[in-house]
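Fit chain G with the ligands to the supplied structure of chain V, relying on the hints for placement.
This is what each chain is made of:
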Amino acid sequence: MSDDAPIIELRNVSKFFGPFQALAGINLSVVAGERVVVCGPSGSGKSTMIRCINRLEEHDQGSITVDGISLGEDTKDIRAVRQEVGMVFQQFNLFPHLTVLENLTIGPIRVRKMEKARAESLARNYLERVHIPEQAGKYPAQLSGGQQQRVAIARSLCMEPRILLFDEPTSALDPEMINEVLDVMVELAGTGMTMIVVTHEMGFARKVADRMVFMEAGRIVEVAPPSVFFTNPESDRARMFLDQILEH
Amino acid sequence: MHKTRKRLHWLDWLILAVLAGFVFVIWYRISGTLNYKWQWERIPNYILRWDEEDGRWVANLLLQGLITTIRISIYASILALILGTILGIARCAENLAIRMLARTYLEFLRNIPPVVVVFIFFFFLSEQFITALNIEGWARGIARQENNGVWEFFFGDMRLFPSMISGTIVLALFESAFVGEIVRAGIQSIPRGQREAARSIGMTWLDEMRFIILPQAMRKVLPPLSNQFISLIKDSSIISLISVQELTYKTVELVASTRMIFEAWLTTAAFYFILCFGLSLLFRRLEREGRA
Ligand SMILES: Nc1ncnc2c1ncn2[C@@H]1O[C@H](COP(=O)(O)OP(=O)(O)OP(=O)(O)O)[C@@H](O)[C@H]1O
Ligand SMILES: [Mg+2]
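The listed protein sequences correspond, in order, to chains V and G. Okay, so the first sequence: first residue is 1 according to this note's numbering, each after it adds one. Okay, so the second sequence: first residue is 1001 according to this note's numbering, each after it adds one.
Looking at chain G on its own, in the form it has when it is part of the complex:
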């Protein structure tokens, strides 16, 4: 068997040296030619800020954005899992019309750029839905109340609730198609005998799904599902385009007001990286423990 080398070869050193040179040139161009002034020392203040009036630390732009990104990712994941499971089941349905609808939805999402999809969902679905249910007025009502601590904990600033909810819905609708494909693969990987055994003891279709097929299917597709949720976090930056005030949106704001282009974006990149890489390490570990 081929063994992966653990020590660096002279060729590896050469590659690393070339890369280092490359980084240096870019660095030189930025600070020399562009006359860019690095102001890393200002960044922490945009994460946590000391509030003189209240005398406590408060989250500033970047951290606010990060928290919103995390909130939206969690809610959108849950929603995408529910919708995706329904879609996955629909893709395996005996009824042709149901199967075709689910297939159409998937192909639609697969063959249109995400940004376009997000705009379509936003203007055609989310906004209509928010207006129809008067969520705007309702959220403003809560924002004005005194004891809205629980609401704020779950949804942040309630004045931004409508935008956050539409962002969550858009993101969930978008990801659900891919979750649906994963669920479908899981369902189809369960041998036919399992269904037959469930049926032969008189189970209803719903019970068969709930107690026999889905528990086994979901266990099988846990690794690709967790990857999809990491993708969802990354994809969440797209909804900054519909003015959801998550991390990317806040970074754009920060750059516009301070001109710290490189510092702000590198910090944001680090936030995303830590979040996604941390989760993937966690999932990998859980997976290993689950198997043991």
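Just chain V, with the same shape it has in the complex:
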């Protein structure tokens, strides 16, 4: 595979919830190492799109290829893709009955069949990376929101994925904790990880995004580098959206 062959490719992807069309002919290619930030008004299909990439949602039309694997009914393929694609959720979704360390090691041990000792050293390594090595023995409920989200990021990293998806990772956080999570994400971007980030944090987007994707009503309305997108967006819709969120 050549370097600029896309690691993620969505071709004409559509998705329906009953009669409602949540995605309408999405085309998007992402190359390895690229950082894409997705934004758009509520209900525009941002979550649905990235959830299709690791098949938490099934698309109805079109094709999705991730790391050379085409997503279909084959459960083996789906699991192979999920091991390559980490996901960070708005609500963290940590496993509350497991300690932080167990949250991190359960994937490597059960899915990658790694030995416990190796998985633990891997986990401690990533806890270090997200700046909370001292919390390994605690339960998620004992941590602050910002710490929980960093644990969730570390949990994804422990699977050593090639791609990370973020669905509004800071939206559920108190304002004073947003930066500690964004800092970790900026550091991650520096390591060459392929990232698709749904967020309204435009400061973060300016700093790390290679491309901005603007969605509305199930369609990608505009794709542009941040320098263009923030100063001179092509579509009126994007302009209005930016005016709205940058006002504050």
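Check the hints yourself; a few may be wrong.
Stated by the list, open to error - From chain V, some residues computed to sit far from chain G (all C-beta separations above 12 angstroms):
#	residue
1	PRO19
2	GLN21
3	GLY43
4	GLU102
5	GLU128
6	PRO161
7	ALA224
8	PRO233
Unchecked claim - To give a feel for the contact side, a few chain G residues facing chain V, derived at Cβ under 8 angstroms:
#	residue
9	SER1189
10	GLY1193
11	SER1200
12	MET1203
13	GLN1216
14	LYS1220
15	GLU1253
What the hints assert, rightly or not - Derived coverage of chain V by chain G (criterion: at least 3 residues anywhere in the stretch with Cβ under 8 angstroms from a Cβ of chain G; other residues may be distant):
#	stretch
16	77-85
17	105-112
Worth flagging that the hints you see were computed from the coordinates, not collected in a lab. Heads up, the beta-carbon is just placed ideally off N, CA and C, and yes, glycines get one too.
Using the frame of chain V, we list chain G with the ligands on its own:
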């Protein structure tokens, strides 16, 4: 907030007095009109009996029955938990056919009287199963052996093994439907995000159930589950109808041979009460400690 009164009011005394009068009238009728002769002193002998030949205490009818009831309750609980977990998972399955089967099973048990269910299970399943596997012959073989102490410890008199096993299976099949409902409620109470997180790290369906969903679900439904196990002990008296020699069956036997209707049944009631109430106190305590 409304505070529960700890002291008795005059109205409470009145209620207690009326109840006491009521008990007295019944007592009077039994001993006077029916000319019933109370023989409480004979009861202990039917619990523990001194064996002259061997020179040791041995369990008599009532205690034998109680021990069998306890054994069956334990085994049926374990089996019902396993079957119920499978049923509960089936009730949440994506596959419609599986969901419908599990639902049918539940509705069948919910809308048919327990006694009828027990007879159906017994004649259609248990007996066939016992005959097909020749468990009868196998158990008799063990009963004849010299060193069958371990078997006897776990299953009592091995000659009664087939009947005990079918009783256990029938009881477990019966209770599993209700355990299944409890497990289903537990599974459905786990937020969707937990499944999504498990899936997004590539877990198989089975691992997701085993390590993420069930541990959380089971912890949540521990209180109703323990109630269900107490119900199971009480329901176990139904299987006396299929000649499993547990406490109720033994009491019927005792009454038939001694005519001590009231003493025997009151003793048996006390046994059940102590067993069930004791367990519910224990569960409540464990629950409180678990939360602390
Ligand atoms: N499971 C579902 N069932 C029915 N409709 C759904 C479902 N999930 C999403 N939708 C609908 O699909 C549309 C797109 O939803 P999606 O969550 O992708 O939007 P979003 O861009 O992520 O919005 P937000 O910024 O609010 O998170 C919405 O109108 C939503 O109501
Ligand atoms: Mg969303």
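Hint check:
1. In this structure PRO19(V) is separated from chain G by more than 12 angstroms, as the shortest Cβ-Cβ distance comes to about 21 angstroms.
2. Every Cβ of chain G is farther than 12 angstroms from the Cβ of GLN21(V); the closest lies at roughly 22 angstroms, confirming the non-interface assignment.
3. GLY43(V), annotated as away from the interface, keeps every beta carbon of chain G farther than 12 angstroms; the closest lies near 19 angstroms.
4. The Cβ of GLU102(V) sits about 9 angstroms from the closest Cβ of chain G, inside the 12 angstroms cut-off, so the non-interface label is violated.
5. The Cβ of GLU128(V) sits about 20 angstroms from the closest Cβ of chain G, beyond the 12 angstroms cut-off, so the non-interface label holds.
6. Residue placement check: PRO161(V) does not keep its beta carbon more than 12 angstroms from all beta carbons of chain G (closest about 9 angstroms).
7. Taking the minimum C-beta to C-beta distance to chain G, about 29 angstroms, the non-interface status of ALA224(V) holds against the 12 angstroms cut.
8. With a least beta-carbon separation of about 32 angstroms from chain G, PRO233(V) lies farther than 12 angstroms from that chain, consistent with its non-interface assignment.
9. Residue-level restraint check for SER1189(G) is violated (minimum Cβ-Cβ distance to chain V is 13 angstroms; threshold 8 angstroms).
10. Here the hint on GLY1193(G) is kept, as its CB sits about 4 angstroms from the closest CB of chain V, short of 8 angstroms.
11. Contact between SER1200(G) and chain V, as hinted, is supported at the beta carbon level, the nearest pair being about 4 angstroms apart and thus within 8 angstroms.
12. Checking MET1203(G) against chain V by beta carbon gives a least distance of about 6 angstroms; that is within 8 angstroms, so the hint holds.
13. For GLN1216(G), the shortest C-beta to C-beta distance to chain V is roughly 5 angstroms, which falls under 8 angstroms, so the interface hint holds.
14. Look at LYS1220(G): its Cβ only gets to about 10 angstroms from chain V, farther than 8 angstroms, so that hint breaks.
15. Interface hint status for GLU1253(G): violated, as the beta-carbon distance to the closest one in chain V is roughly 48 angstroms, over 8 angstroms.
16. Check on the stretch 77-85 of chain V: 5 of its residues sit with their Cβ under 8 angstroms from a Cβ of chain G, so the three-residue criterion for coverage holds.
17. A count of 4 residues in the stretch 105-112 of chain V with a Cβ less than 8 angstroms from any Cβ of chain G is obtained; the coverage claim is therefore met, three being the minimum.
Violation of the numbered hints given earlier is confined to hints 4, 6, 9, 14 and 15; the remaining hints are satisfied by the structure.
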